[in-house]
Amino acid sequence: MAGFDPQFVMAAFDPQFLWNGLVVGSIIAVAALGLTLIFGILNFINIAYGDYMAVGAYFAFAANTQYDLPIVVAALIGMVVMAVGALVVDKLVFERFRSRSAIVLLVVSIGVAFVLRNLIRIVWGTGSRRFSGPIEAAPQFFGIRVLPDQVAIVVISVAILGGTYLLLRRTRIGIAMRAASDDTDLARIRGIDTERLVTYVWLVGGAIAGIAGILLGLDAQIRPNMGFTALIPIFAAVILGGIGDPIGAVAGGYAIGITQELSVVVIPTEYKPAIGLLLLIIGLLSKPEGIFGEATR
Amino acid sequence: MAVGDLALLVATIMGVYSLLAIGLNMHWGDTGLLNFAHAAFFAIGAYTSAILTTPPETGLLANRTVGASYPIFVGLLAGATLAAAAGVLIAVTSVRLEGDYLAMVTLSFAELIRLVIHNEGWLTSGAQSLKGIERPLEGSVPIRYDLFYFLLVLGVVAGSYLLFRRLAGSPFGRVLHAVREDEEVPLALGKDTTWFKLKSFGLGAAIAGLAGGLWAHYVYAITPNMFLPSLTFTIWAAVIIGGAGSYLGAIVGTAFIVGIRQVTRFVPSDVPFASDLPYIRLVVIGVLLIAVLYYRPYGLLGDEERMLAGSEEGAD
Amino acid sequence: MSRNGTALRRRRFLRLAGGASAVGLAGVGSARQNNIVLGHLAPFSGGLGWIGPNARKGVGLALSEVNEAGLLDGRQVTINRQDTETNPQAALSGFQTLDSQGVVAIIGPSSTVMPNLVQPAQDAQLPLVSTMAGTLQLDDVGGEYIWRTVPSDSIGGRAQGAYATDQGWETMALTFKNDKGSQSFSAAVGEFFQSQGGQITGQTPLAPNADSYRSEINTIRNQNPDVISMTAATEVTSLFVQNFRELGVEIPLMLSNDVITPDFIEQMGADTMDGMLGQAPAPGPAFDNFASKYQEMHGEQPGTFSGSSYDAMNLIALAMERAGEASRQAIAQNLRSVGAPPGQKVTTFAEGKQALANGSEIDYQGAANPQNFDENGNVVGPFSVVRVENGEWTEVETFSASELTQDGGGATTTTS
Chain R
10 MAGFDPQFVM AAFDPQFLWN GLVVGSIIAV AALGLTLIFG ILNFINIAYG
60 DYMAVGAYFA FAANTQYDLP IVVAALIGMV VMAVGALVVD KLVFERFRSR
110 SAIVLLVVSI GVAFVLRNLI RIVWGTGSRR FSGPIEAAPQ FFGIRVLPDQ
160 VAIVVISVAI LGGTYLLLRR TRIGIAMRAA SDDTDLARIR GIDTERLVTY
210 VWLVGGAIAG IAGILLGLDA QIRPNMGFTA LIPIFAAVIL GGIGDPIGAV
260 AGGYAIGITQ ELSVVVIPTE YKPAIGLLLL IIGLLSKPEG IFGEATR
Chain P
18 MAVGDLALLV ATIMGVYSLL AIGLNMHWGD TGLLNFAHAA FFAIGAYTSA
68 ILTTPPETGL LANRTVGASY PIFVGLLAGA TLAAAAGVLI AVTSVRLEGD
118 YLAMVTLSFA ELIRLVIHNE GWLTSGAQSL KGIERPLEGS VPIRYDLFYF
168 LLVLGVVAGS YLLFRRLAGS PFGRVLHAVR EDEEVPLALG KDTTWFKLKS
218 FGLGAAIAGL AGGLWAHYVY AITPNMFLPS LTFTIWAAVI IGGAGSYLGA
268 IVGTAFIVGI RQVTRFVPSD VPFASDLPYI RLVVIGVLLI AVLYYRPYGL
318 LGDEERMLAG SEEGAD
Chain F
19 MSRNGTALRR RRFLRLAGGA SAVGLAGVGS ARQNNIVLGH LAPFSGGLGW
69 IGPNARKGVG LALSEVNEAG LLDGRQVTIN RQDTETNPQA ALSGFQTLDS
119 QGVVAIIGPS STVMPNLVQP AQDAQLPLVS TMAGTLQLDD VGGEYIWRTV
169 PSDSIGGRAQ GAYATDQGWE TMALTFKNDK GSQSFSAAVG EFFQSQGGQI
219 TGQTPLAPNA DSYRSEINTI RNQNPDVISM TAATEVTSLF VQNFRELGVE
269 IPLMLSNDVI TPDFIEQMGA DTMDGMLGQA PAPGPAFDNF ASKYQEMHGE
319 QPGTFSGSSY DAMNLIALAM ERAGEASRQA IAQNLRSVGA PPGQKVTTFA
369 EGKQALANGS EIDYQGAANP QNFDENGNVV GPFSVVRVEN GEWTEVETFS
419 ASELTQDGGG ATTTTS
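Chains as they are written, first to last, in our numbering: chain R, 10 to 306; chain P, 18 to 333; chain F, 19 to 434.
Isolated chain R (complex conformation):
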C-alpha cells in the first residue's frame, strides 16, 4: 500500500509520470475521436466500440506474428479490416435499427459486443498476446525513460488527429459530417445524403478504432477484453469534451490519460481505474445538457 511520504509527493512533479500520461492520453484521445465521430452522426452509444478496437489489434497481431509482416504493414491491415468491418456490422445489424430509439441501439450494440469479443476468444484464445519485437530497457532522456514504441504512439496519434482535423475542415464530406453531427435533421433538409455520410463515418470511425486498438496493444497487451476495459476512460473523454465534438474529445483524452497516470501519486494504484469512472460520472452529471435531457441531441 502506497504510504504518504514526501518521496511520493515529490513524484507528483516527476516528468516520467507526465510522459506516461501523455502516451496513455494519446491512445485515449485517438480512440475518443473515433467514438465521438460515430456518436455525433449516429446518436447512440456504441458499447461494441471497444471491441472494434480489439478486432483491429487482433488482425494486426495476426498479420504481424502469424504472417510475419512488418508492424507498419500489419497495422495498416488491422485498420483497413476494422474500417470495412465497422461498415459490415452496420449493414448487418445497426442499419436495420436506424428508426429505433437510441436506447434500443445501445442494447443492440451490447449484443454486437458479445458476438465480437467471443469470436475473438474462439479464434485467438483467451490469453494475452503481444506484437513481435524484443523487450528492451528504455533509453533515458533527461531522466525520463522513453520507449521507441511510445514515441511512435505519440507521433502516430498526432498524425491521426491532424489528419482527421483536415478531413473535417477541408473536405466536403468532412464538413458535411460536422454539419450532420451538429444537427442531423437540418443537414438532411439542406440536402446532405445522410446515409452516404453514415457510410463514411463508419469507415473513418472504424479505421480510427482499429488503430487505437493497435496502439493500445503496442503499449500494453492484446487481450480479448482490452477494448471493453478501455471503454470507460474513452467515454469519459468523449463526455468531458462534449459529445460529437472531435477537438473536445481529443483534449478530454489527453486530460484523462495524464490525470490517470498522475493519480498514482496520491491514491493507491489499485484504485487507478476509479479515475476514469469518476470522471465519467462527474462529466455526465455536471453537463447541463445532460440534466435537461432531450435538448442535447
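Treat the hints as calculated values from the structure; they're not laboratory data. Source: prediction; values computed, not measured. All residues carry an ideal CB built from backbone N, CA and C; glycine is no exception. It is possible that part of the hints are untrue.
Chain R stretches covered by chain F per the calculated footprint, using a threshold of three residues with CB under 8 Å from any CB of chain F [said to hold, decoys possible]: (1) 25-33; (2) 128-139; (3) 278-288.
Based on these hints, arrange chains P and F on the given structure of chain R.
Same frame as chain R, but now just chains P and F:
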C-alpha cells in the same frame, strides 16, 4: 439423488436470476430507466448479508476484520435495504439523465462499487472469497436441504412476481408507464416524476439485493468476480428476450438463458470446439438478443404496446 | 475444520434412504454397467482457461494407461469433462452436472472455485481431487472427500522465502495479481521470509486488466528492496516483466510457478528473461518417464499441472483397484493408502495393479510429487528454485520436503 440435486441447483439459479430480472423489469420494462448497475445491487445484497452473518476470519489470509453473527433473515433484510438505498442514491444523482447517459453513469457506479469490494479486504475479504457463509436453517429442515432452499427461493420469486405485477397494474405502476412513454404527460398532470423514478429504482434494487443475499447464503463463498458487468448484461438479455414489460417474460427469459448454459453442459467434451462452448454460448446469446430486438421487439411475452411506443421515438 | 456435523449425518441418512433409486439410475442401460465414469472439472475458459488443457492432457495420458492395463477386470473408464469457466457459479453447475451423471470421483479445479465446492463435495460424498489449487484456504479442510495432488502454497512460499534468506537478502517487496490464488501464495512467501528475520518493504497488488504496471513498478523500486517476489499467472506476469525490463530495474525478481515453463521464456524472449528466478515443485520421482510418454502422446512438453493431473487420475484408479469396486466411498477410503507409504513403490497404474494383485500394499510415486497425502489430504514435496540461464529454466537450489515443513525451519540461514 444426484439428478435431483442438479435440477434443484439449476432451478435455484433460475430463481435467483429471476429475481434480478424482476427488478430490472421494474426499471426498464415499467419505467424505461436504463439501469446498468444491477450486478452492483446484487453484490451489495450478497456482501451485506454475508458480512452481517459471518464472523471475521482467522488465519494467514484473514484480512476481514468486520463481521457479525446476526440471524440470516436480518442479513437478507439489511442486504435488500442497503441495495435499495444504493439504488436510490445513484438514482438521486443521475435519474434525470437521458436514457443512454443514465446507462453509462450506472455502469460506472457499478464498477466503482465492485472496485471497492475488491480492494477493501478488511470489510469484504477482497479478492479472497468471503467464505464460510451459513445456510439458513441447515440441519433443521425436515426435507432435503436443496429442495428446501429451492422452495424458499421459489416462494420469494412467486411473492415478488405477484407483488411487482400488482404494483405494475396499480395507479403507481400506471404513472411509471406514463413516465416510460412520455415523461411530459405525467409532469403536466402534476406528478412528481422524479420521485416515482426514485421509487422504481429503489424497489428494483431492493429485490436485486434480496437476490444477492439468497445467493450468498446458498453458495458458501462469494468473490468480487461474481459481480462483473457481464452479469448485468446477461440479465438485460434475459429481460429483453423474455419481453420487457412482462414479469412473466422476465422469468421465462431468465429460465431460457440459464437453461442454455446448463443444456450445453451435456454436450460431449470430445466434439470440436467443446472447450470454446462458453464463448459460443455468449455469441449465441448476443445474436439472439439482436434477433429478438429485430423480429420480436416486444420479446417472447413482452408488452406489445410498450415497445411500439419505444420504436417511434427514434427520430429525435 | 469440522463443519456442520449434524447436517452431514442427516444427509448421509437421506442418501442411504434414497440409495435404491440411485442404484436404479446408475444402472440405466446395461452397456454402461462396464463403464466407470470419472469427472474432470477444470478451467477451460475464463481467467485460468489456459491451464485446463494441460490438465486434460495429463489426465488423458493416465486414462489411456489405465484403460490399457484394465481397471477392475477390464472395465473401461471414461471422463466427463466440465468447464469451471474460472467462475464459482459455473463450477457449481459443473459439479452438480457431474454428480447427477453418477461420477465416482472428480479430478478437480483451481483455487478460484474450490472453496465453493468443499461443502457440496462433502454433502455428495464425492471425492474431489484438485490438481491445481494451492490456496492456503484448503490447508485444513481435506482428508475425507477433498484432496489435492499439488502442495499447498504454504510449502512453495517457504521455498521462495528460504532461497531469499539463503542469498542474504534482508528486504523483500511483495507484489501479486489481485486475485485469490496469487494473494495466497504471496502471503505465504512473506510470512516465511519474515519468520526468518527478513523484512517486507511493501505489498503491491496488481490489477488484473491493467494496461501497464509502470507506476506499480516505480512504487516497488522506490521501496528499494533486495529482492522482489512477484506472484501472478502468465498474463499479468508477462506485462509486468515487460514493463520491468523497459524500466531497466535491476533488482532480482522471483516469479511464481505458473510461469516456470519453456513457453513463457519463448513468449518473452530469452534475453528478457535472463537471470529471472522462480520456484516450482521439484519434479516427482516418476517425472522423466511421464514426460517422455507425454511428449510421445501429445507432441509437447508437459505444462503446468499436467503431472499433478496425471497423478490424480492414477491415484483414483489405484484406489478403486485396491478396493475392488468403483464407488465414491471406495475411492475416498483408499486414496491415502495407495498414495502414502508404507508399500511397494509404484509409478504407473499397471505396476500398481500388479502389486495389488500380488497382495502388496502400494506407495504411488507421482510425476509431479511423491503424493504422500497427510491427514488433511495435502501433499508435500521438494521444491526447486530455478533461474533462467541461456533461455532455459535451470535448477539452482532444491529444498527437501522436510526442510519446508519443519516449523520455522526452512533451509540453513546464512544471514549474519
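In rising order, the numbers of the hints this structure does not comply with: The structure conflicts with no hint, since it agrees with every one listed earlier.
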